[in-house]
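Please arrange chain F on chain R, whose structure you already have, making use of the hints.
Just so you know, the sequences run in chain order R and F. The first sequence maps to residues 1 to 350 in our numbering. The second sequence maps to residues 1001 to 1296 in our numbering.
These are calculated hints, taken from the structure and not from any lab test. A virtual CB, placed ideally from N, CA and C, is assigned to each residue, including glycine. Be a bit skeptical, because a hint or two may be false.
Over 12 Å on every C-beta distance to chain R, these chain F residues come out as not near it, computed from the model [to be verified]:
(1) Asp1058
(2) Lys1062
(3) Ile1078
(4) Leu1084
(5) Ser1223
(6) Gly1239
(7) Tyr1261
(8) Met1283
Pair by pair, the computed Cβ-Cβ distance ranges are [stated by the list, open to error]:
(9) Leu1260(F) - Glu171(R): 52 to 62 Å
(10) Arg1134(F) - Ala318(R): 43 to 53 Å
(11) Ser200(R) - Leu1128(F): 32 to 42 Å
One letter stands for each residue in the lines below.
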Amino acid sequence: MLTANEILEWDTEGTPAPAKPLLVVEGLVKHFPIRSGLFGRATAHVRAVDGLTFAVNHGETLGIVGESGCGKSTAARLMMQLIAPDRGTIQLNGHDVGGPELSVKTYRSQVQMVFQDSYASLNPRLTIEGSIAFGPTVHGLPHDEAIARARSLLDRVGLEPKRFAGRYPHELSGGQRQRINIARALALQPKLLILDEAVSALDKSVEAQVLNLLLDLKDEFDLTYIFISHDLEVVRFMSDRVMVMYLGRIAEIGATEALYGASEHPYTRALLGSMLSMDPDRRTMKAPLTGDPPNPINPPPGCRFHTRCASATGLCRAIEPKLMSCGPDHETACHMADPASGYIAVELRP
Amino acid sequence: MAVTSLDTASIAEPVLRSPSYSATVWRRFRRDKVAMIAGMVVLALILMAVFAPWIVPDDPYKGMSLRRLKPVGTPGFILGTDELGRDMLSRLIMGARLSLFMGVTPVFIALFIGGVIGIVAGYAGGWLNTILMRTIDVFFAFPSVLLAIALSGALGAGIANGLISLTIVFVPPIARIAESVTTGIRARDFIEAARASGANAITIIRQHVLGNVLGPIFVYAMSLIAVSMILASGLSFLGLGVKPPEPEWGLMLNTLRTALYTQPLLCALPGLMIFITSIAFNMLTDGLRSAMDLKA
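Looking at chain R on its own, in the form it has when it is part of the complex (with noise of 0.2 Å):
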């Protein structure tokens, strides 16, 4: 078993090889039974994470968007081992979590999560500091110090701990609990941060000071963020690389400008179509996303966004695309833009 240090042990070692995985996801599943009847038996699955895989490289940020229902959530809670895969594997720096080198527990202090919900992930009834330090002390640190710590990342956080430390969440505005909240998981010193919708609860000016805090904690704290949003400018703002998840699976990923200035999925091109603009001349006078996404129990078959995808043919209904590198750092999975895929553009009539 290597304790926290040693699993980074590259990390002061020099320089490491540039872009390495800190966090490799692969064939990441899971389905959640419908249960019904007298016996509880399943009678269907709800395939929230269908397949993912993908890598988190040290010191960057990966953004993930999609639509609500799309297993954002969901991967990040497999990704935090809150609840358990059906298949795949999750591993930290090459070791296996949950295998004979890293056990869940380190895991846990090597990753940390921020939750949307600033008033429901804190304890209502212990103080500020005390939530902060409840980490630290499982982890065996005396109270004492858990305590300190607590009040200097309450410093780190912009709260001043003297007036801050000893009151309760409920005395605090939104902003306020979220910065808490993040000096809650940087009390661990983990090397990885997974920020599910962390500002979308928040006001925008309150959401922008929150974003500024993340980006100086991540040059402070040296960590590397998962930031999971539905609000795509955000999004933007904050990562090095976006994922676009669609039922469960990956559409699209790649570098943040290169997904943002060309996208090749017609999922990405949609939901950035939907982005507000600045400039009065380019609003956006008709929807370019209708309806729903398709219930997840029954996934479409073929590609699972045919049903919506104005290009769609008998290909994508049939076969599912694959994700395939359609650039540098840029990978898609659409027929359109595999050349060996056999996609044929059908005119469509008016």
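For chain F alone, coordinates are given in the frame of chain R:
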């Protein structure tokens, strides 16, 4: 690494402290006049029970056939005498001991047993929850009075058996409440966050669950004290609980009922005590409940 400089903040420096949850509840409770009065009545009853042997004006066991069934207000026997000529006031004071004991003890034992069952079921969820709660549900098939009588009847009369049967009656409702409160807390993100920080179930229950569920469970158990007293009195009335000549309000009601037409006021006295006590406990519970009903 920058991170190593984290544990440098001084903890000696005083910080501003907000009143804790319990302090806030106590402040709100103190402002509630009805609840405070009810609390004082309960306190007075408890003190009366504790110091009963020293404050009784007469021997509560000594009867005399010459002074049977004296009415309320008789000189020397302010509250009259019972069917065996024993001083009513002394017996009522002494009766508080057994009546309160029979009311409070089963509830507290049930609070412990039911609380553990409910919290474990609520926190664990899944099949363990199903097994525990379906087992508990079996007890709900019987009305509580019937269940208490049946159990006492099966176990035989006596204080200990009465306590056991009342405890069994109160475990299911307390477990039910504990389970539902715990399930609600369990779903909150701060439990997820605590799990994410690597804490095991015992630590999470101790540090994050108990503080949030004990209050509501305790208040609910308090509200059962009145029920328990009435049930205990009922058992004694039926001859299944306390046996004569022990003074107990329910038993006193039973033995005095033959004199109901000759001395109605006298016969109502033990019932009045039961009434006052259960009302006081109920109002105290209501006050506590509204004091704990904070947004936070």
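Structure-based check of each hint:
1. Asp1058: Asp1058(F) clear of chain R: closest Cβ-Cβ about 51 Å, beyond 12 Å.
2. Lys1062: holds, 54 Å
3. Ile1078: holds, 49 Å
4. Leu1084: holds, 54 Å
5. Ser1223: holds, 22 Å
6. Gly1239: holds, 44 Å
7. Tyr1261: holds, 57 Å
8. Met1283: About 26 Å separates Met1283(F) from the closest Cβ of chain R, which puts it past 12 Å; holds.
9. Leu1260(F) - Glu171(R): 52 to 62 Å: holds, 59 Å
10. Arg1134(F) - Ala318(R): 43 to 53 Å: holds, 48 Å
11. Ser200(R) - Leu1128(F): 32 to 42 Å: The hint (32 to 42 Å, Cβ to Cβ) holds, given that Ser200(R) and Leu1128(F) are roughly 35 Å apart.
Checked against the numbered hints given earlier, this structure breaks none of them.
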